[in-house]
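Could you build all of it, start to finish, from the sequences and the hints given here?
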Amino acid sequence: TQLLEQSPQFLSIQEGENLTVYCNSSSVFSSLQWYRQEPGEGPVLLVTVVTGGEVKKLKRLTFQFGDARKDSSLHITAAQPGDTGLYLCAGDMDSNYQLIWGAGTKLIIKP
Amino acid sequence: NAGVTQTPKFQVLKTGQSMTLQCAQDMNHNSMYWYRQDPGMGLRLIYYSASEGTTDKGEVPNGYNVSRLNKREFSLRLESAAPSQTSVYFCASSELLDRDVWYYEQYFGPGTRLTVT
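So the protein sequences, as listed, match chains G and E. For the first sequence, counting from 1, position 108 maps to 94 in my numbering; every step adds exactly one. For the second sequence, counting from 1, position 74 maps to 104 in my numbering; every step adds exactly one.
There's no promise every hint is true.
[Unchecked claim] In the DSS-like style, the derived pairs of lysine-lysine whose C-alpha atoms are separated by at most 30 Å in a straight line are:
| hint | chain 1 | residue 1 | chain 2 | residue 2 |
| --- | --- | --- | --- | --- |
| 1 | G | Lys92 | E | Lys39 |
| 2 | E | Lys87 | G | Lys56 |
| 3 | G | Lys96 | G | Lys42 |
| 4 | E | Lys101 | G | Lys92 |
Worth flagging that the hints you see were computed from the coordinates, not collected in a lab.
Listed below in structure tokens is the structure:
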């Protein structure tokens, strides 16, 4: 059972378009992280959100943590080919040292 | 700083062969992890080490063993490789952070691509 559901699983859009990807759960998380993974490399941490309703911006990327701390979204404005990659969300449930991982959203931005 | 390093980058094994994947981190982190990544399944935790001297099973430990050699190094051993262990293996390290709540951020190595024939 996947505790963190990411949607869509795959998204291919043109450069300059906006997009949103989602990370949803029925469980409450104490914090949630977003990672980006490029082909042939390991995931790289983008952001951590810890407060319900928190919004964080990283240039053209906006991350939001749901008020109930069960879900999160990543919005990209004016997507660029350099945004191409696999976006993974991971949640911390305070249970131990482990993170709960979503299966990822594969994003392709076409020039 | 190199961050998290892994060796080898690629490996091909025959069924029944053994091998050890090496991982080292230079960030002085207490916790280290081994994951496998298969298409469409995200990252699955094999084993983790919360601190030097301790190791614990994750979601998919069968067929693997680990050793936390010291604070820097955490190795993963396949005693008798099987085709089902064909995957990309990632090592990660993390430290406990505090920003009103305690949380971990994980830092990953570049991965080892293993094929078992």
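So, going through the hints one by one against the coordinates:
{"no.": "1", "hint": "G:Lys92 <-> E:Lys39", "result": "holds, 23 Å"}
{"no.": "2", "hint": "E:Lys87 <-> G:Lys56", "result": "holds, 26 Å"}
{"no.": "3", "hint": "G:Lys96 <-> G:Lys42", "result": "holds, 26 Å"}
{"no.": "4", "hint": "E:Lys101 <-> G:Lys92", "result": "violated, 34 Å"}
Violated hints amount to a single one, hint 4; each of the other numbered hints is respected by the structure.
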